[in-house]
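Residue numbers (my numbering), protein chains in the order written: chain A, 1 to 143; chain B, 1 to 143; chain C, 1 to 143; chain D, 1 to 143.
Source of the hints: derived by calculation from the structure; they are not laboratory data. The structure displayed is predicted, hence computed values, not measured ones. Hints may contain errors.
If several chains are the same, the list does not tell them apart, and a pair holds so long as it fits within one copy or across any two.
Below, a list of computed lysine to any residue pairs in the SDA-like style, where the Cα atoms sit at most 25 Å apart [stated by the list, open to error]:
{"no.": "1", "residue 1": "Lys-44", "residue 2": "Gly-99"}
{"no.": "2", "residue 1": "Lys-112", "residue 2": "Ile-22"}
{"no.": "3", "residue 1": "Lys-109", "residue 2": "Pro-20"}
{"no.": "4", "residue 1": "Lys-44", "residue 2": "Gly-26"}
Number of protein chains: 4
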Amino acid sequence: MPAPVMTVEELSQFLDAEFPQIHAGGRAYFVESVAPGEAVVRLKATDSHLRPGGTVSGPSMMALADLAAYVAILAHIGPVALAVTTNLNINFLRKPEPGDLLCTCRILKLGKRLAVVECGIAGEGEEGFVAHATATYSVPPRS
Amino acid sequence: MPAPVMTVEELSQFLDAEFPQIHAGGRAYFVESVAPGEAVVRLKATDSHLRPGGTVSGPSMMALADLAAYVAILAHIGPVALAVTTNLNINFLRKPEPGDLLCTCRILKLGKRLAVVECGIAGEGEEGFVAHATATYSVPPRS
Amino acid sequence: MPAPVMTVEELSQFLDAEFPQIHAGGRAYFVESVAPGEAVVRLKATDSHLRPGGTVSGPSMMALADLAAYVAILAHIGPVALAVTTNLNINFLRKPEPGDLLCTCRILKLGKRLAVVECGIAGEGEEGFVAHATATYSVPPRS
Amino acid sequence: MPAPVMTVEELSQFLDAEFPQIHAGGRAYFVESVAPGEAVVRLKATDSHLRPGGTVSGPSMMALADLAAYVAILAHIGPVALAVTTNLNINFLRKPEPGDLLCTCRILKLGKRLAVVECGIAGEGEEGFVAHATATYSVPPRS
Chain A
1 MPAPVMTVEE LSQFLDAEFP QIHAGGRAYF VESVAPGEAV VRLKATDSHL RPGGTVSGPS
61 MMALADLAAY VAILAHIGPV ALAVTTNLNI NFLRKPEPGD LLCTCRILKL GKRLAVVECG
121 IAGEGEEGFV AHATATYSVP PRS
Chain B
1 MPAPVMTVEE LSQFLDAEFP QIHAGGRAYF VESVAPGEAV VRLKATDSHL RPGGTVSGPS
61 MMALADLAAY VAILAHIGPV ALAVTTNLNI NFLRKPEPGD LLCTCRILKL GKRLAVVECG
121 IAGEGEEGFV AHATATYSVP PRS
Chain C
1 MPAPVMTVEE LSQFLDAEFP QIHAGGRAYF VESVAPGEAV VRLKATDSHL RPGGTVSGPS
61 MMALADLAAY VAILAHIGPV ALAVTTNLNI NFLRKPEPGD LLCTCRILKL GKRLAVVECG
121 IAGEGEEGFV AHATATYSVP PRS
Chain D
1 MPAPVMTVEE LSQFLDAEFP QIHAGGRAYF VESVAPGEAV VRLKATDSHL RPGGTVSGPS
61 MMALADLAAY VAILAHIGPV ALAVTTNLNI NFLRKPEPGD LLCTCRILKL GKRLAVVECG
121 IAGEGEEGFV AHATATYSVP PRS
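Given these sequences and hints, build the entire structure.
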């Protein structure tokens, strides 16, 4: 897998500019790191992401996986690209403990038309995933 | 498929009491109807659900499918049950037009341990789905 | 959804010519019918499709859904097209009774690059699905 | 993840005794190795698994993923258990080269009622997966 073409800072600025509404209700998503074929995004849950008991809701984990997969792809094809999710499959494995969640994504395929990404979500410092997803994005033709 | 055991009003009151945070940012989700094996939930999108251009975001459609599947199950097993999503698979088919979205759910299986629901999301009055999902819930043993 | 451009007979001949190996071990798959946006394929199970007890195995149902979705797409885009499965998601709902299975497919999207098909598998004359799948195919650009 | 409770030999004997029909048309599936939380199964493709051009068919890869996930679970819960697939999601990433395929499975969750397994399929000695799957099995209550 080739090296990323965007830095954490560039990715963060791109998201801020293009998707300001993901920060509605307070800044919650943070690009943590990128590496060849990989990206990590943090969810610092606010009240709107929580269920009674203080655990992060399923839809918040789906949104996290979708965003993190997008970040992983963008990091490798650059900010000009218009990628849209075509499929997302998620398994919820166990209830997360209160606290931040980290979504670690690995690109399984970066093709001419489709990109497939695998995402594992875990509590910070915890072993084992609380959720696992695979997402497919339609990506624009690239030279 | 047996008849529902909860009315639209009972389902709405249950959601308000148990999941007040789904209304954070303004009331957006409305139980529209229930029927044997089915339920329909409306998303009246607010700014937090939209992407630039005024179309509903992917994560908002995932949250809608998850909630609507839950409503369909609850309608048939009653409010005492604690059901949790174990798997959700969604295909995004086309960009929704601005306006409300309706999620129509059909229960494919209501077993002793698992329930499987199929969900089609469409713009109101539009033909064809903008997204299609299947969701599996773990349901508590029932007598 | 437009009308099919291939008949049941044309589809059967195309499968025989292009995929003779699906008949290895005896002819088992039969195109039953096509209609606008739909197709039905029958599995007349042979010993190689069965599990102890005489019920059709999971992999045989996956193969049936994959083939039937392909037939539904082909019926609408014609025999020149080269379509390949990119994603298949299947829920196994209940153990099938011994006997033929019918897979009824409905095209959810027939786009320029991707086609998405929903498949319900049921025993002949039985109510309720034994399995439900959604499949995505990559389709070649068409004029 | 705890250590496996069955060896490669015990798993192979169990499959031979309980699922003789997977060897219909010639022995094709071989348990390669087990480790804590993991299992590897080889597909030595015969003619019935191939598409024109000599590449392994999609349904053969689905059957491989389903079997390998089952082997991974069985290795950790023992031969008495009756586990059935409830969901399988697979992404086909690229056309496999002719030759054996290895399916490497990792258990993501081994719960009281459900087990979730991730599977990557690759050509022997090749880098990168040709397909990636996640499978859910319903497992019987254990003490």
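Note to self: For each hint given before, does the structure comply? Return the numbers of the non-compliant ones in rising order.
What the structure shows: 2, 3
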